[in-house]
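Asker: Chains as they are written, first to last, in UniProt numbering: chain B, 1 to 345; chain Z, 1 to 345.
Heads up, a few of these hints could be off.
Straight-line distance between alpha carbons at most 20 Å, and here's what the computed EDC-like set of lysine to aspartate or glutamate pairs gives [claimed, not checked]:
#, chain 1, residue 1, chain 2, residue 2
1, Z, K142, B, E265
2, B, K142, B, E265
3, B, K142, B, D289
4, B, K27, B, D127
5, Z, K27, Z, D52
6, B, K142, Z, E265
What the simulated footprint calls covered on chain Z by chain B, stretch by stretch (three residues with Cβ under 8 Å from a Cβ of chain B suffice, anywhere in the stretch; the number is not a length) [stated by the list, open to error]:
#, region
7, 120-127
8, 229-236
9, 319-330
To list a few chain B residues with every Cβ distance to chain Z over 10 Å, as calculated [unchecked claim]:
#, residue
10, S81
11, G140
12, R141
13, G174
14, V237
15, R285
16, L320
By construction, these hints were calculated from the structure, which means they are not laboratory data.
A virtual CB, placed ideally from N, CA and C, is assigned to each residue, including glycine.
2 protein chains.
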Amino acid sequence: MNELTTVKINPPYLILIGSEDDATYAKTAFGIVQWRPELVAGQFRFPGCTVDLGVPDMSIEDAAAAGVRSLLIGVAPVGGSVPDTWWAVMEAAARAGLDVVCGLHVKLTDQPGIVAAAESSGARLVDVRVPPPNLPVGNGRKRSGRRVLMVGTDCAIGKKYTALALHQAMQEAGMKATFRATGQTGIMIASQGIPIDSVVADFISGAAELLSPDNDPDHWDVVEGQGSLFHPGYSGVSLGLLHGSQPDAFVVCHDATRTRVAGWEHFSLPSLTECIELHVAAGRRTNPDIQCVGVSVNTSQVDAAERENCLQRFADETGLPCVDPLIDGCAPIVERINQQFPEKT
Amino acid sequence: MNELTTVKINPPYLILIGSEDDATYAKTAFGIVQWRPELVAGQFRFPGCTVDLGVPDMSIEDAAAAGVRSLLIGVAPVGGSVPDTWWAVMEAAARAGLDVVCGLHVKLTDQPGIVAAAESSGARLVDVRVPPPNLPVGNGRKRSGRRVLMVGTDCAIGKKYTALALHQAMQEAGMKATFRATGQTGIMIASQGIPIDSVVADFISGAAELLSPDNDPDHWDVVEGQGSLFHPGYSGVSLGLLHGSQPDAFVVCHDATRTRVAGWEHFSLPSLTECIELHVAAGRRTNPDIQCVGVSVNTSQVDAAERENCLQRFADETGLPCVDPLIDGCAPIVERINQQFPEKT
Numbered sequence: 001m002n003e004l005t006t007v008k009i010n011p012p013y014l015i016l017i018g019s020e021d022d023a024t025y026a027k028t029a030f031g032i033v034q035w036r037p038e039l040v041a042g043q044f045r046f047p048g049c050t051v052d053l054g055v056p057d058m059s060i061e062d063a064a065a066a067g068v069r070s071l072l073i074g075v076a077p078v079g080g081s082v083p084d085t086w087w088a089v090m091e092a093a094a095r096a097g098l099d100v101v102c103g104l105h106v107k108l109t110d111q112p113g114i115v116a117a118a119e120s121s122g123a124r125l126v127d128v129r130v131p132p133p134n135l136p137v138g139n140g141r142k143r144s145g146r147r148v149l150m151v152g153t154d155c156a157i158g159k160k161y162t163a164l165a166l167h168q169a170m171q172e173a174g175m176k177a178t179f180r181a182t183g184q185t186g187i188m189i190a191s192q193g194i195p196i197d198s199v200v201a202d203f204i205s206g207a208a209e210l211l212s213p214d215n216d217p218d219h220w221d222v223v224e225g226q227g228s229l230f231h232p233g234y235s236g237v238s239l240g241l242l243h244g245s246q247p248d249a250f251v252v253c254h255d256a257t258r259t260r261v262a263g264w265e266h267f268s269l270p271s272l273t274e275c276i277e278l279h280v281a282a283g284r285r286t287n288p289d290i291q292c293v294g295v296s297v298n299t300s301q302v303d304a305a306e307r308e309n310c311l312q313r314f315a316d317e318t319g320l321p322c323v324d325p326l327i328d329g330c331a332p333i334v335e336r337i338n339q340q341f342p343e344k345t
Numbered sequence: 001m002n003e004l005t006t007v008k009i010n011p012p013y014l015i016l017i018g019s020e021d022d023a024t025y026a027k028t029a030f031g032i033v034q035w036r037p038e039l040v041a042g043q044f045r046f047p048g049c050t051v052d053l054g055v056p057d058m059s060i061e062d063a064a065a066a067g068v069r070s071l072l073i074g075v076a077p078v079g080g081s082v083p084d085t086w087w088a089v090m091e092a093a094a095r096a097g098l099d100v101v102c103g104l105h106v107k108l109t110d111q112p113g114i115v116a117a118a119e120s121s122g123a124r125l126v127d128v129r130v131p132p133p134n135l136p137v138g139n140g141r142k143r144s145g146r147r148v149l150m151v152g153t154d155c156a157i158g159k160k161y162t163a164l165a166l167h168q169a170m171q172e173a174g175m176k177a178t179f180r181a182t183g184q185t186g187i188m189i190a191s192q193g194i195p196i197d198s199v200v201a202d203f204i205s206g207a208a209e210l211l212s213p214d215n216d217p218d219h220w221d222v223v224e225g226q227g228s229l230f231h232p233g234y235s236g237v238s239l240g241l242l243h244g245s246q247p248d249a250f251v252v253c254h255d256a257t258r259t260r261v262a263g264w265e266h267f268s269l270p271s272l273t274e275c276i277e278l279h280v281a282a283g284r285r286t287n288p289d290i291q292c293v294g295v296s297v298n299t300s301q302v303d304a305a306e307r308e309n310c311l312q313r314f315a316d317e318t319g320l321p322c323v324d325p326l327i328d329g330c331a332p333i334v335e336r337i338n339q340q341f342p343e344k345t
């Protein structure tokens, strides 16, 4: 019997940021430290590295001695090719018994030195872009517990951030909640998850079902979204995730100033109304009571003076709480959820 | 530069049906002979085989001498395990220079004897369940030519048959048309295609785009559907195929007596109206003018006396031509297409 499982990462982490001097390339590393500081034991930096996560610098030896269990590659290599110095660190970590965890475009298992080192120590090589084996086909069976899914008018529009902020706000409100990661950065933050866009097409909804299993009736899974039902490249991923998550509630993520699909500028973004309607029309197939509970808006490109008006316009259009989670947090959406789902069923 | 390509099979074919005595297990073989007799040179049968495709019996030697280019496995092995006698035939065929083509659950490339034989002769081993490499992400760019996609209220509801029958009817009407295969049997019939449900989730619509490239303005691609937007397991495949095909027209495939999703009986089938509405709502994202042009109904379980009434009820509900393609053919749908798309744009 093959176990059905998600990708799993063992904390605590040592995060490799190499010799990076541009924090934007280290977004993953900063995200982990921001959202899950308790998982991070230290950072590995080469001399001259100016990026600083604000956690202790550690060598591989220090980390192994301190009980660190995984080396995470928390930066994207500039230009895409991985420097030899990084490979050397990964190999040393694997030899010292640390799992090596990354989402690079080069496969760890294609690096003989690292493979041999991992074999010698029993360390695991974890590629967070590789789905777990033995994924099931979605069965559509109703699961216990509640689920809220982030959806978007586009890709790269704040779904992961919103999920993490909403999860945090739910916990602050004393609710039982778990963040469920569907992409590589989210998986590193949550220390588990499934890279939903990398699964074979037949298993998308099955993977989503596996990711948010039966739970307490008053527990909420806060599911990171992927793609968009309106995206000409990635809509299949989004529909499978919607059907498999069978969400009770969803939050639409939007960018106040984006009017075209990023990178696919021959497509305009849908309106919030269109976006909500299509998600309800499609989503009710596996959850007849699906409803939208809020809108998360990136207002970073909006003048400060105009921001409140902008959010008010979206609120008027949808009749829902509209927040920029980075500025306002997600408490208004949590409040809405508690209004709409008052019973601990 | 890596070529973007579909799975391709070289005719003429020798079809292995082994020692089968139940024609239902040889559906693929019969389908190829029914729809593409010109591709089939012969059949390979063991002594005692009672199934007969009505084409010449041939040995591997005969086939090689006659210029046959591919051995196709046209039967599903009873119980799932492939008899040794079949492996021996495949190995002999590969050694004789015939490509070996199958969609078995065992991989040809895991059979050392067959791999060695193929290497010795230069024959190809083609698994029609394995997508071509280097699939692109869908770009959503408008392509020239027309497309009609089969969709369904469920899986296994006649989408392939309808596509083949509609393609045939279009050709009989003197129209330019190509059948585009998205599943393994369809690929064997068309001698090319992409097994769309086996591609990685991010590339579903890109694969669909590749499958129906730019063409003459008055040319129709007749695209085999997969899954259903309403299927709890396979909806992601269907939406990616819908968006990537960007169909001008679609045909809904339905079963007159099926009321529940086959194998997922906790789900009822959608009504034809619901099915049409959701496909228009989702499909207009990549083709704003998408429209339904007909309904293909399997009436095999309906009393002969009731059949006309049954089709008439569906026609009344939808305002569209409703046919059982096995009995009525698809001429009424072709007529509707020519009414709705009168201009050779």
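Asker: Holds or violated: is the Cβ of B/G140 farther than 10 Å from all Cβ atoms of chain Z?
Answerer: Incorrect as stated: the minimum Cβ-Cβ distance to chain Z is 3 Å, not above 10 Å.
Asker: Can we trust that B/S81 is non-interface, i.e. its beta-carbon lies farther than 10 Å from all of chain Z?
Answerer: Nearest chain Z Cβ is 19 Å from B/S81, so the label holds.
Asker: Would the hint linking Z/K142 and B/E265 be met if the CA-CA limit is 20 Å?
Answerer: Measuring from Cα to Cα gives roughly 13 Å; hence the hint holds.
Asker: Within the assertion that chain B covers the region 120-127 of chain Z, do at least three residues meet a Cβ-to-Cβ distance smaller than 8 Å?
Answerer: violated (count 0)
Asker: Sort out whether Z/E265 lies within 20 Å of B/K142, counting only the CA atoms.
Answerer: holds, 13 Å
Asker: Please verify that the nearest CB of chain Z lies beyond 10 Å from B/L320's CB.
Answerer: holds, 21 Å
Asker: Straight-line Cα separation of B/K142 and B/D289 no greater than 20 Å?
Answerer: holds, 12 Å
Asker: Verify the proposed pairing of B/K27 with B/D127, using a straight-line Cα cut of 20 Å.
Answerer: holds, 18 Å
Asker: Between Z/K27 and Z/D52, does the CA-CA distance stay at or below 20 Å?
Answerer: holds, 12 Å
Asker: Is the listed coverage of the region 229-236 of chain Z by chain B valid when you require three or more residues with a beta carbon under 8 Å from a beta carbon of that chain?
Answerer: Three-residue rule met by the region 229-236 of chain Z, so holds; n is 7.
Asker: Going by Cβ atoms, does B/G174 stay more than 10 Å from chain Z at every point?
Answerer: Correct as stated: the minimum Cβ-Cβ distance to chain Z is 33 Å, above 10 Å.
Asker: Does the structure keep B/K142 and B/E265 at a Cα separation of 20 Å or less?
Answerer: violated, 38 Å
The structure is inconsistent with the numbered hints 2, 7, 9, 11, 12, 14 and 15, although it conforms to all the rest.
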